[in-house]
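Asks: Below are the chains, spelled out letter by letter.
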Amino acid sequence: MARVIVPVGPQHPALKEPVNFRIIAEGETIVGLELDVSYNHRGIEKAAEQRDFTRVVPLLERICGICSHSHGTAFVKGIEEIMAIAVPPRAEYIRTIIAELERIHSHLLWLGVAAHEIGWNTLFMWTWRDREAVQDILEEISGNRVNYGMNIVGGVRRDITPELNKAALDRLPALEAQIAGYVELLKKQETVLLRFQGVGRLTREQALTYGTVGPTARSSGVEYDIRRDDPYCAYAEVPWDVVTDTHGDVYGKTIVRIGELRESVRIVRYCLEHLPEGDITVKAPRNAPTGHALSRYEAPRGELSHYIRTNGTDKADRLDVRTPTLANWTSVAASLVNQNLADIPVIIAAIDPCLSCTSRLTVLNPQRTSSTEMTWEDLRRRARELNRERERC
Amino acid sequence: MISENRSLSIMINRGLSQRLASWARVKSPWITIFNSGACNACDIEVIACLTPRFDVERFGILVKGTPRHADILVVTGPVTKKQASRLRRIWEQMPEPKYVIAMGACGAGGGVFRGLYHVMESVSSVIPVDVYIGGCPPRPDEIISGVVTCLNLLKEDLDHGGKAWRTTPASAQATEETV
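One line per chain: the protein sequences are R and L, in this order. Take 27 as the starting number for the first sequence in my numbering and just add one per residue. Take 102 as the starting number for the second sequence in my numbering and just add one per residue.
There may be inaccurate statements among the hints.
Simulated pairs of lysine-lysine, PhoX-like, Cα-Cα distance not exceeding 25 Å [stated by the list, open to error]:
id: 1; chain 1: R; residue 1: K42; chain 2: L; residue 2: K165
id: 2; chain 1: L; residue 1: K165; chain 2: L; residue 2: K128
id: 3; chain 1: L; residue 1: K256; chain 2: L; residue 2: K199
id: 4; chain 1: R; residue 1: K42; chain 2: L; residue 2: K199
id: 5; chain 1: L; residue 1: K165; chain 2: L; residue 2: K256
id: 6; chain 1: L; residue 1: K128; chain 2: L; residue 2: K264
Going by beta-carbon spacing under 8 Å, a handful of chain L positions derived as facing chain R [what the hints assert, rightly or not]:
id: 7; residue: G138
id: 8; residue: A142
id: 9; residue: I145
id: 10; residue: T152
id: 11; residue: P153
id: 12; residue: R154
id: 13; residue: S186
id: 14; residue: R187
id: 15; residue: I191
id: 16; residue: Y218
Label pairs and their computed distance ranges (CB to CB) [what the hints assert, rightly or not]:
id: 17; chain 1: L; residue 1: Q194; chain 2: R; residue 2: T356; range: 32 to 38 Å
id: 18; chain 1: R; residue 1: A200; chain 2: L; residue 2: Q194; range: 41 to 47 Å
id: 19; chain 1: R; residue 1: R48; chain 2: L; residue 2: E193; range: 46 to 52 Å
id: 20; chain 1: L; residue 1: E193; chain 2: R; residue 2: E299; range: 52 to 58 Å
id: 21; chain 1: L; residue 1: E197; chain 2: R; residue 2: L212; range: 46 to 52 Å
id: 22; chain 1: L; residue 1: L117; chain 2: R; residue 2: N147; range: 32 to 38 Å
I should point out that these hints are in silico values taken from the structure, not numbers from a laboratory. Remember, it's a predicted structure, so these values are computed and weren't measured experimentally. The beta carbon of each residue, even a glycine, is placed where N, CA and C say it ideally should be.
Put together the whole structure using the sequences plus the hints.
Replies: The structure is reproduced here in structure tokens:
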């Protein structure tokens with residue numbers, strides 16, 4: 027059968043963010059995928075080198091609005107490691123609480139989007155309704171619904187007062203009941219079973235080969251979670267379990283995420299109940315000594331790492347961000363093969379792609395001896411050449 | 102004689118259909134969301150507006166996938182250079198009268214991304230903007246207030262017979278993007 031290329035994006039009803047897919051199909055079956063994720067590239071890594079440690083945190087939070095706390099925490103954690111300062115336990119607990127609340131809101135958001143992609147908008151409305159409870163807690167604690175601005179080098183900017191603590195704890199039982207409802211729903215709801223089971227399967231071997239992280243890896247039976255394997259914040263002190271599954275398909279990814287919702291509520295409750303007394307910040311020096319750190323963090327979508335190099339000033343010499351979506355993209359191309367054209371949205375949504383995190387520019391040239399500067403015109407010419415090459419073959 | 106009658110009836114109908122279209126536009130504006138390189142925060146807050154707590158459908162607002170069906174274009178983010186020509190093209194596809202809402206601090210002037218090497222100055226350097234909503238990101242209630250402001254503007258424009266009565270913003274002369 028003749029091959030057809032279906033272009034999707036950058037503006038498309040099924041897309042929430044700008045991305046361009048070229049789906050190669052034979053009839054209704056997908057045989058390949060090419061993608062262009064560079065529409066959201068803003069140049070944040072470069073800008074991070076020009077702002078001091080206080081001003082760079084708000085910028086890094088805006089790498090991605092859904093996992094903004096992840097980026098902020100990953101960065102300040104690395105800087106604190108280089109400065110060799112110990113953050114007060116109360117700040118560590120508050121960071122953990124915000125991180126887990128963020129995970130709950132992100133996973134509920136994902137569940138809604140996935141339901142929307144299979145045409146079941148009722149579930150989309152339900153999960154987003156329940157998500158508002160989490161947004162309320164976050165707003166009470168941080169003053170903002172999204173982009174919380176909690177982190178600062180040396181601690182957190184806002185305390186959780188006993189009243190806020192009680193208000194947050196009071197909201198948790200209702201949330202827990204809703205999550206329990208989703209667990210039941212996932213077992214027997216026919217729409218979900220038909221559209222999720224056996225769709226976009228990724229075997230354990232494939233998950234390892236493509237270097238997947240987060241729920242994408244855990245749903246294929248890879249037990250890998252930074253919170254347990256390289257504990258940070260308060261995770262070493264909190265009782266919780268890594269959620270894994272062996273399905274590997276969209277259904278498995280849903281099971282893992284809903285399981286993580288329950289674990290996150292458990293962590294939040296434990297942290298709120300066992301919040302240590304004391305300060306929320308220590309005074310951090312203005313300049314960081316020369317050094318480097320690789321700061322790893324389990325974002326809602328998987329392992330996020332910030333590589334930070336400092337040179338004795340109050341600015342980072344180099345910041346390199348590797349986001350979970352970048353690690354998971356290649357696995358999408360593998361799990362799409364031999365699937366039905368109509369399942370594209372849900373298979374792509376299954377890794378919970380976040381493109382604003384992912385748009386990055388890398389020029390690889392191992393033989394390079396001196397630094398070069400590329401102008402906007404150079405880049406455009408390069409893009410045109412690449413496009414021509416692609417058209418020819 | 103017949104042809105005269107017909108042309109008269111067409112004229113009456115045209116006036117009527119115009120009024121009907123205007124009425125429908127104010128009562129049920131259709132919007133399309135375009136992410137021009139945002140951090141997602143504005144996007145999730147816009148989508149939160151559609152969900153049960155905020156529910157903008159009570160104002161008749163529907164989200165449409167294509168700009169060809171939309172009255173209002175909601176632009177999130179600080180327009181990256183790669184997205185600028187796409188944004189312009191999306192805007193050109195919209196039917197008149199078209200309205201543009203720029204979301205958040207980025208949409209107004211780059212916000213935290215101001216001056217980055219792959220970011221335009223603002224949305225208004227690519228297309229003319231009618232309403233700005235401040236905040237990073239704006240709360241859903243602020244977004245709803247912004248959309249209602251846009252609807253009031255639409256009504257006033259209908260009374261004045263076009264957008265010309267407003268002082269022409271400098272952005273109207275925005276030149277074709279060089280990208």
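Asks: Hint by hint, which ones does this structure get wrong, listed from lowest number up?
Replies: Violated hints (numbers, rising): 13, 19; every other hint is consistent with the structure.
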